[in-house]
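Residue numbers (our numbering), protein chains in the order written: chain U, 61 to 471; chain W, 389 to 494.
Mixed in with the good hints, there may be bad ones.
Which stretches of chain U does chain W cover? Using the computed rule of at least three CB atoms under 8 Å from a CB of chain W, they are [stated by the list, open to error]:
hint, stretch
1, 118-125
2, 173-180
3, 185-194
In silico DSSO-like cross-links for lysine-lysine, where the CA-CA straight-line distance does not exceed 27 Å [to be verified]:
hint, chain 1, residue 1, chain 2, residue 2
4, U, 463, W, 467
5, U, 117, U, 189
6, U, 140, U, 157
7, U, 115, U, 189
8, U, 189, U, 140
9, U, 442, W, 467
Derived, one-sided and incomplete: chain U residues facing chain W with beta-carbon distance under 10 Å [unchecked claim]:
hint, residue
10, 99
11, 103
12, 113
13, 114
14, 132
15, 262
16, 311
17, 312
18, 384
19, 432
20, 433
21, 436
22, 456
23, 459
24, 466
25, 467
These are computed hints drawn from the structure, not numbers from a lab. Here a beta-carbon is modelled for each residue, glycine too, at the ideal position from N, C-alpha and C.
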Amino acid sequence: MTLTSVVIIGAGQAGFQVAASLRQGGFAGKISLVGDEPGLPYQRPPLSKAYLLGKIKAENLLFRPAAFFDEQQIDLIHDKAVLIDRQNQRVVLESEKALEYDHLVLATGAHNRALSIPGEHLEGVFGIKTLADADALAPRAKAARNVVVIGCGFIGLEFAAVAAAQEASVQVIDRGERLMARAISPQMSELFLKAHESWGVKFHFSQAVDQIIGENGKVTGVEKADGEVLPADLVVYGIGVIPNINLATEAGLEIENGIKVDAHLLTNDPHISAIGDVACFPCIHNQGEHTRIESVPNAMDQARSVSARLLGKAAPFISTPWFWTDQGNLKLQIVGLSTGYDSTVTLGSMETDQFSVLCFRRDQLVAVESCNRPGDHLAGKKLLSRPPELTPREARKPDFDLKAWEVAHRS
Amino acid sequence: MPTITFIEHNGTPHAVTAEVGQSIMQAALNAMVPGIQADCGGACSCATCHAFLEDNWMGAVPAAEGSELDMLEFANERKENSRLTCQLTIQDNMDGMVLRLPESQY
Numbered sequence: 061m062t063l064t065s066v067v068i069i070g071a072g073q074a075g076f077q078v079a080a081s082l083r084q085g086g087f088a089g090k091i092s093l094v095g096d097e098p099g100l101p102y103q104r105p106p107l108s109k110a111y112l113l114g115k116i117k118a119e120n121l122l123f124r125p126a127a128f129f130d131e132q133q134i135d136l137i138h139d140k141a142v143l144i145d146r147q148n149q150r151v152v153l154e155s156e157k158a159l160e161y162d163h164l165v166l167a168t169g170a171h172n173r174a175l176s177i178p179g180e181h182l183e184g185v186f187g188i189k190t191l192a193d194a195d196a197l198a199p200r201a202k203a204a205r206n207v208v209v210i211g212c213g214f215i216g217l218e219f220a221a222v223a224a225a226q227e228a229s230v231q232v233i234d235r236g237e238r239l240m241a242r243a244i245s246p247q248m249s250e251l252f253l254k255a256h257e258s259w260g261v262k263f264h265f266s267q268a269v270d271q272i273i274g275e276n277g278k279v280t281g282v283e284k285a286d287g288e289v290l291p292a293d294l295v296v297y298g299i300g301v302i303p304n305i306n307l308a309t310e311a312g313l314e315i316e317n318g319i320k321v322d323a324h325l326l327t328n329d330p331h332i333s334a335i336g337d338v339a340c341f342p343c344i345h346n347q348g349e350h351t352r353i354e355s356v357p358n359a360m361d362q363a364r365s366v367s368a369r370l371l372g373k374a375a376p377f378i379s380t381p382w383f384w385t386d387q388g389n390l391k392l393q394i395v396g397l398s399t400g401y402d403s404t405v406t407l408g409s410m411e412t413d414q415f416s417v418l419c420f421r422r423d424q425l426v427a428v429e430s431c432n433r434p435g436d437h438l439a440g441k442k443l444l445s446r447p448p449e450l451t452p453r454e455a456r457k458p459d460f461d462l463k464a465w466e467v468a469h470r471s
Numbered sequence: 389m390p391t392i393t394f395i396e397h398n399g400t401p402h403a404v405t406a407e408v409g410q411s412i413m414q415a416a417l418n419a420m421v422p423g424i425q426a427d428c429g430g431a432c433s434c435a436t437c438h439a440f441l442e443d444n445w446m447g448a449v450p451a452a453e454g455s456e457l458d459m460l461e462f463a464n465e466r467k468e469n470s471r472l473t474c475q476l477t478i479q480d481n482m483d484g485m486v487l488r489l490p491e492s493q494y
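Sequences are here, hints too, so could you generate the full structure?
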């Protein structure tokens with residue numbers, strides 16, 4: 061059947077990219093891109109870093125200018141999808157308008173996990189997810205003297221680095237024992253810990269937060285489970301995200317830690333795909349297990365994969381996952397999934413902040429973490445996109461150079 | 389506004405009107421030039437906006453350094469005139485600039 065109309069719900073990175081890739085690939089039918097935020101679709105990664113520092117203006121966050129949507133006839137609809145009527149292949153919007161589809165792409169993303177503690181709604185407590193969040197936070201971040209960050213994943217630490225650069229006193233609380241524990245090795249955590257401490261950031265590990273304390277509706281401090289109160293005129297939290305599955309659940313689509321899709325990113329309804337942060341797919345880099353990946357590159361690659369399928373070039377989704385975070389002068393790039401690795405080899409030097417950690421599972425390379433060594437990142441990306449051959453024994457040889465090895469072993 | 393021409397690997401040219409102050413990568417994306425992926429959106433993190441700057445234009449831009457240089461070392465088909473287009477800001481003096489695109493960004 062020829063497709064004549066594609067509806068995409070979610071105008072973030074994944075949703076936008078499907079629309080753009082469909083047009084770029086020659087799709088001539090109707091494209092409706094439904095987003096519930098005002099304005100044009102925009103990039104999120106700078107929101108927790110460069111944008112807060114004023115290094116990037118709002119207009120430079122836009123994926124494309126307004127003219128692009130007109131020229132490419134991508135119908136950008138500012139509305140909220142409230143119902144998927146699978147039987148009649150249509151989506152009902154909050155405005156009660158309905159959009160008919162031949163194919164529906166769910167790119168509904170995720171929302172911030174709430175703190176769920178007393179005081180979480182006090183003025184001066186922020187999560188960072190949308191442009192509106194960042195716009196509300198930016199002036200507060202400039203003026204803040206005592207900042208408490210809850211959660212030391214990417215977002216929390218990116219913000220901690222920004223706040224430290226603005227000469228606030230910054231304290232970070234986390235339930236875990238080390239920085240970015242779910243994403244990186246202990247060695248790399250240690251490098252980032254030392255760097256953050258050198259910028260003046262203080263850490264409280266293995267600590268829960270009991271409540272946020274305020275006066276006259278404004279935050280004044282954060283009380284930890286051990287009773288200590290950290291003074292704060294600004295609290296920023298980043299404790300993970302929850303996939304936006306309500307629409308899919310109500311429509312009876314299969315759910316598994318997100319919207320469950322097959323190797324082609326199709327849901328259990330052949331007319332509906334799901335991509336990006338919300339999609340849980342069989343990941344060959346995670347031993348085929350259903351996996352949900354929260355990252356911009358994953359969103360873009362899945363968008364391109366679905367677009368190619370809709371244009372008649374179906375192939376399973378096999379892209380190698382990768383992630384990045386910029387904190388102060390540190391650029392951390394991770395390629396692969398380090399889940400379940402059993403040995404590591406380190407390259408470079410922690411002291412100079414140019415450091416890579418190769419993670420192996422049963423002698424197979426599964427991930428490369430690199431700080432300020434982008435060449436290692438790209439070499440790792442190439443190595444992981446084909447059957448891994450590098451063994452820890454080889455990587456441990458004196459003067460081993462990952463980039464040179466990749467070049468020498470290119471097939 | 390300067391006009392910049394991107395030439396795809398298969399020889400197809402794309403003349404793009406670009407705004408001063410934006411990056412060459414953004415100008416290519418706005419005009420849907422095939423072959424510029426820009427996965428990281430211009431954060432110098434992915435090397436998927438690689439292009440070859442025509443030799444006579446090399447003097448019109450600052451030399452590659454830092455992360456760009458390190459990333460380029462590993463870009464596909466790296467040449468002397470390789471650049472990451474996210475790191476080049478469009479100036480008035482770039483009118484007529486020509487960039488050629490690699491066969492693939494991986």
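Now for the hints, and whether the structure bears them out:
1. For the stretch 118-125 of chain U, the stated coverage by chain W holds: 4 residues have a C-beta nearer than 8 Å to a C-beta of that chain, and at least 3 were required.
2. Evaluation of the coverage hint for the stretch 173-180 of chain U: breached, as 0 residues show C-beta separations to chain W shorter than 8 Å, against a requirement of three.
3. Check on the stretch 185-194 of chain U: 0 of its residues sit with their Cβ under 8 Å from a Cβ of chain W, so the three-residue criterion for coverage is violated.
4. Note on residue 463(U) and residue 467(W): the hinted pairing holds, with a Cα-Cα distance of about 16 Å set against a maximum of 27 Å.
5. Taking the CA atoms of residue 117(U) and residue 189(U), the gap is about 17 Å. The hint holds against a cut of 27 Å.
6. Taken as a hint, the residue 140(U) and residue 157(U) pair is honoured in the structure, with Cα atoms around 10 Å apart against an allowance of 27 Å.
7. For the given pair, residue 115(U) sits about 18 Å from residue 189(U) by alpha-carbon distance, which is consistent with the 27 Å threshold.
8. The suggested pairing of residue 189(U) with residue 140(U) holds, with an alpha-carbon distance near 17 Å, which does not exceed 27 Å.
9. For the suggested pair residue 442(U) and residue 467(W), the alpha carbons sit about 19 Å apart, so the restraint of at most 27 Å is met.
10. Interface restraint check: residue 99(U) against chain W, minimum CB-CB distance 17 Å, threshold 10 Å, status violated.
11. Interface hint at residue 103(U): satisfied, since its Cβ lies 5 Å from the closest Cβ of chain W, which is below the 10 Å cut-off.
12. Proximity of residue 113(U) to chain W is violated relative to the hint, the smallest CB-CB distance being about 14 Å (cut-off 10 Å).
13. Hint status for residue 114(U): violated, given a least beta-carbon distance of 16 Å to chain W, over 10 Å.
14. Given hint, residue 132(U) at the interface with chain W, holds; its Cβ is 7 Å from that chain's nearest Cβ, closer than 10 Å.
15. Annotation: interface hint on residue 262(U) violated; nearest CB of chain W at approximately 28 Å, more than 10 Å.
16. The interface hint given for residue 311(U) is violated, since its Cβ lies 31 Å from the closest Cβ of chain W, which is over the 10 Å cut-off.
17. Below 10 Å, beta-carbon pairs count as interface contacts, and residue 312(U) has none with chain W, the closest being about 34 Å; its hint is therefore violated.
18. A distance limit of 10 Å between C-beta atoms decides the matter here; for residue 384(U) the minimum to chain W is near 4 Å, and the interface restraint holds.
19. Restraint check, residue 432(U) versus chain W: the minimum CB separation of about 8 Å is within 10 Å; hint holds.
20. Using the Cβ-Cβ criterion of 10 Å, the hint placing residue 433(U) at the interface with chain W is satisfied: the shortest such distance is roughly 7 Å.
21. Given the 10 Å rule on beta carbons, the hint for residue 436(U) holds: about 9 Å separates it from the nearest Cβ of chain W.
22. Violation of the interface hint for residue 456(U) is found here, the shortest Cβ-Cβ separation to chain W being roughly 22 Å, above the 10 Å cut-off.
23. Interface restraint check: residue 459(U) against chain W, minimum CB-CB distance 18 Å, threshold 10 Å, status violated.
24. Interface hint status for residue 466(U): upheld, as the beta-carbon distance to the closest one in chain W is roughly 8 Å, under 10 Å.
25. The closest approach between the C-beta of residue 467(U) and any C-beta of chain W is roughly 9 Å, which is under the 10 Å cut-off, so the hint is satisfied.
In summary, the numbered hints that this structure violates are 2, 3, 10, 12, 13, 15, 16, 17, 22, 23.
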